[in-house]
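Chemist: Starting from the known structure of chain A, arrange chains B, C and D on it as the hints suggest.
4 protein chains.
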Amino acid sequence: MEFKRGFASDNNSGVHPQIMEAMVAVNQGHVTAYGEDAHSKAAERLFKENFGEQAEVFMVYNGTGANVIAIQALTRSFNAVICAETAHIHVDECGAPEKHSGCKILTVATPDGKLTPQLIQMHLHGFGFEHHAQPKVVSISQTTEMGTVYSLEEIKRLAEFVHRQGLFLHMDGARISNAAASLNCSFKAMTTELGVDVLSFGGTKNGMMFGEAVVFLNSSLAADVKYIRKQTTQLHSKMRFIAAQFMAYFSGELWRKNALHANRMAQLLYQELKDVKGVEITQKVEANGVFARLPQAVIKPLQEAFFFYVWDEHLNEVRWMASFDTTHEDIKKFVARLKELLAHV
Amino acid sequence: MEFKRGFASDNNSGVHPQIMEAMVAVNQGHVTAYGEDAHSKAAERLFKENFGEQAEVFMVYNGTGANVIAIQALTRSFNAVICAETAHIHVDECGAPEKHSGCKILTVATPDGKLTPQLIQMHLHGFGFEHHAQPKVVSISQTTEMGTVYSLEEIKRLAEFVHRQGLFLHMDGARISNAAASLNCSFKAMTTELGVDVLSFGGTKNGMMFGEAVVFLNSSLAADVKYIRKQTTQLHSKMRFIAAQFMAYFSGELWRKNALHANRMAQLLYQELKDVKGVEITQKVEANGVFARLPQAVIKPLQEAFFFYVWDEHLNEVRWMASFDTTHEDIKKFVARLKELLAHV
Amino acid sequence: MEFKRGFASDNNSGVHPQIMEAMVAVNQGHVTAYGEDAHSKAAERLFKENFGEQAEVFMVYNGTGANVIAIQALTRSFNAVICAETAHIHVDECGAPEKHSGCKILTVATPDGKLTPQLIQMHLHGFGFEHHAQPKVVSISQTTEMGTVYSLEEIKRLAEFVHRQGLFLHMDGARISNAAASLNCSFKAMTTELGVDVLSFGGTKNGMMFGEAVVFLNSSLAADVKYIRKQTTQLHSKMRFIAAQFMAYFSGELWRKNALHANRMAQLLYQELKDVKGVEITQKVEANGVFARLPQAVIKPLQEAFFFYVWDEHLNEVRWMASFDTTHEDIKKFVARLKELLAHV
Amino acid sequence: MEFKRGFASDNNSGVHPQIMEAMVAVNQGHVTAYGEDAHSKAAERLFKENFGEQAEVFMVYNGTGANVIAIQALTRSFNAVICAETAHIHVDECGAPEKHSGCKILTVATPDGKLTPQLIQMHLHGFGFEHHAQPKVVSISQTTEMGTVYSLEEIKRLAEFVHRQGLFLHMDGARISNAAASLNCSFKAMTTELGVDVLSFGGTKNGMMFGEAVVFLNSSLAADVKYIRKQTTQLHSKMRFIAAQFMAYFSGELWRKNALHANRMAQLLYQELKDVKGVEITQKVEANGVFARLPQAVIKPLQEAFFFYVWDEHLNEVRWMASFDTTHEDIKKFVARLKELLAHV
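So the protein sequences, as listed, match chains A, B, C and D. Per our numbering, the very first residue in the first sequence carries number 1; after that it's consecutive. Per our numbering, the very first residue in the second sequence carries number 1001; after that it's consecutive. Per our numbering, the very first residue in the third sequence carries number 2001; after that it's consecutive. Per our numbering, the very first residue in the fourth sequence carries number 3001; after that it's consecutive.
Read the hints as simulated data drawn from the structure, not as lab findings. Just so it is clear, the structure is predicted and the values come from calculations on it, not from any experiment. Don't take every hint at face value.
Pairwise CB distance ranges, derived in the manner of DEER restraints [claimed, not checked]: (1) Glu85/A to Glu1304/B: 53 to 59 Å; (2) Ala2109/C to Asp1312/B: 16 to 22 Å; (3) Ala109/A to Lys3339/D: 38 to 44 Å; (4) Pro111/A to His3314/D: 34 to 40 Å.
Note that beta-carbon positions come from the ideal geometry of N, C-alpha and C, so glycine has one too.
Isolated chain A (complex conformation):
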């Protein structure tokens, strides 16, 4: 079996031991399937503790599933969803949002993966005009796909702006824990209290095995979601094994510990490289990702030693993601190898 380590994706890491233990622990006897068991109810309770009593949570398999369910719940097929052109829902889901919802995805170019009221404005027209897909959702990613983090104030202003236009605010939180760790705040302070309507809450990239959740902070939007989840093929039968993961994940804020660690490792990588000649850091390092431009010649050889992806081939821009299990040793070896390669360019 392969054991090459790397920075390709926080999905390449395994499962945090406490989460694995929790899964083993619930493997006893019979419980009702499809979420009607005590473990699932307990997990739902924890979500309410983390997001407010009004929150309605639907556990699902993965992030694409969560996003697609959220969009379906907020829209009819003649609506449009506005997002950054780097958004996962636009770039990395093979058109699943369009297929499942029928909606048009309208994208905005951004310097850093972050939307602003000004950037959204260009798509806010044609309301009431039947030839025009009707904008209904603004979707932001927190942490963004560029490794940047919206400040609480930025989210608040976006939410207010979006609601004034009669739209909903969706947050793709595949890396929400990294953002909460970065901002040193609670989940609730970053979502419910700012006016986020629906959140795709991710755990897999931060130490879980599988399982994400669609969290309706605006619970008036949740009425039909159980049917949407089932029809989208995202309802798990043996739900206790997702529930157990979330219970371990919330317990003692394991999510924050994991995310803080990953963020720190990214920060360490950044500190080690920011002044290295030949390395140009292209985005602020605010969570667990580092984006950089490198001389083309070093990319391939570096990839032979460590997993990572080229983000933009035209720019020779690469992405390095740190994970809950990234070690100082990983960083040290990686930096050493990169410097070695740079010396020979």
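Modeler: Here is chains B, C and D on its own, set in the frame of chain A:
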């Protein structure tokens, strides 16, 4: 936490210890996500060993996902899928097949959940007529939702008939292991060798935690499936944890041991009850399910002690499913309680 | 050019001269497209006069379009639509309702194409159960596809029953004029006053060239329909040419004159044949269609002289449709030829 | 009835008298519905004469319908369609392409509504990568929505480029006649001979009442289209009335006469205005549209006298469309009024 046992569903059981161990065992280090790791390749290899070298396998999250992907791969939206009116794809998937594929589902009433060429015939017309959804897939469930099992000869005749009409044969194998155990044959002998085109291969109901597979026995149909899987939201990131389960599942034919046990427990239940006054067994007991009519008055009290579902409220028909972890003790207690209740009717 | 006459379909006839004249008459100058012109507003006014002030009307191209828009307006994709197994939406629209709405179509066998509360009951279960497509619409055809007509009392009882269950009642009125002529009532008396929620109003089969309308009698359901119509590809640009047709159609109750004539011709055909040996009339003749079983040997030769369709090949059952332009001469020649053929069987 | 004339849209004009006459002329007797009549066959013949014997034609109701059918025929739901960000399929169809096909629409900013190989390049990546919607169609509009016209050489280069990438070339020809008139070429020379795979052929904007056609120049792609047309709700029953229009439209190249006239009127408008102070022509005038920026103060008063639309509110850019029935008088009055208004700014 609750520990009431029962016969509600093979989904109420947990995970077989060997499978859980395998999941723990692969939880080491970094591996490439989305199925490009050595574990996943090894699991795919096992599928080929079990279904033939030509087989193409796509691991997914659950049975509805597998069915919906199979149907999309075999159809365009103007096609129709023919199935028994008791089929899971018609009754238990909240309309997911229609939503994902756009196809019409045409149903046939059957006495025992099994299709025959004669029963299908009624829907085989209107070919080439643009007003009519064009039949393209016949979908059978092996084991059926009524606990019955197609013989190899029955499947072969169906496959030949279906292919002569220019259609494809899909098998929903959520309980395929119970059928293979019942018929004492290999997977290959029940699918590839008989002409089944695509199989939804289930493991969750027989001791796995999550994960099923779409197996293209007719690999010419598999070209686009990786995109369909992703767009359907059924591509898992940390795939090694599905792969590990399948490796344990195939290893030493664990699947057969589990299924044989469940079948025997169903048989035991049947033997204990078949001559009991007040109990009318309504279907042949060929796998791990027992269907029976009971006096209405005993159903509720019995449900208070053991999980199980009423199958048909009008008929007072109930369904009892045995699982890999059903014990002789479970059966004994259940039969005792039922007899006790019947004595007071 | 061919001029064989027949009884194949009311779609084989042309356009009533008064309607054609009206189309020519509005062909002057520039008017705003897409229904924002005075002709379209005037046509909408006539719909309100015929269906009540609350009615909201959306003119479209054809009946399949009207049905598909109505269903989308009443449902979400996890819903189910209940109809007779002979319904146009199930049999004759190539799966368009499933494709456009994502909904499951649940069918009921009927002796005469007519639903009753009792017949619907079998599909009214599983409410609130997420595995089950949620019934939301009952769709009836008035006139039915079997040439029968619901009485006002039958529709009223259905509407009350359907509403008590929390469902909506849709009427496919491709031949609504024939029904209103048959029952000697107004459109309003057959729809609005009985509780029909949405109507697909047909004109093409009764003397129009193209153009139908979706009429929301329950206007609370109409809010989003203009977007649905556009997205379904059913919004016409030069709308005045549909509007002009409807204006002529409603003017002086041309619709009733045309429909009464067609009904009388069907009745005449029925009277001429009902006692003829070898001809078995299989449905009540209540509108403009006649269904009959014939000796197989006469069907083909008869079709060589007159257009008509075999309805059920297994039963040698044929369908004869009379139209607004069917003549006594047509009937006379047809009956003569049929008798001649029967004499040689 | 209103008779304000204007330049809002070529859809605001009526029906050319010769076309209306042809519709009246075919209104005789019974003919088979749904395109199986002699008129429809004759119209199809004319399409083959104009596009080559290999062409397969499907007459439909409108342009959105034609585009949506073409895209469905060329794609599976995991594909992407590349177009200019001004394309009708992106801007003016309320998301119909996404809804019907499930595909992602990828847009490119252009100065003049025209795609080039260079502009397309940015979306040509991720092939074989399942997370990425797979590009499969490039869609161009000829005439573009900006009133510009691709040269034959430009189309040829695009077609070659697109095919080298394994994609198909679709042409939205809502105003194809204006382009053919502008380039003084035949339809065939602008499509079939250059490698266009599928064309949405428009007639409504150039003197027809309703009816467009999807023309498969690459007929290997047409096999399933009759079902797609029906399921998309675009199959007309009394097809002879679309066929008759196309027969008149092709007869004596009426299409070219109408288009040439419209183009000349646009050119006249351009000549009259190009040197007028306060009017900035923003696009080349190559067909029947003129785009211009005006002082904001004159726009509203001008619209009170003549129909036309503001194209871009931020830029005070307006669009004026000439039609087959635009007169010298229309232009003269319009220019006079505009000059009058400009004098008072």
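Chemist: So, for every hint listed, does it hold in this structure?
Modeler: Comparing the hints with the structure gives:
1. Glu85/A to Glu1304/B: 53 to 59 Å: Cβ of glutamate 85/A to Cβ of glutamate 1304/B: about 57 Å, so the range 53 to 59 Å holds.
2. Ala2109/C to Asp1312/B: 16 to 22 Å: Given about 18 Å between the Cβ atoms, the range holds.
3. Ala109/A to Lys3339/D: 38 to 44 Å: holds (40 Å)
4. Pro111/A to His3314/D: 34 to 40 Å: violated (21 Å)
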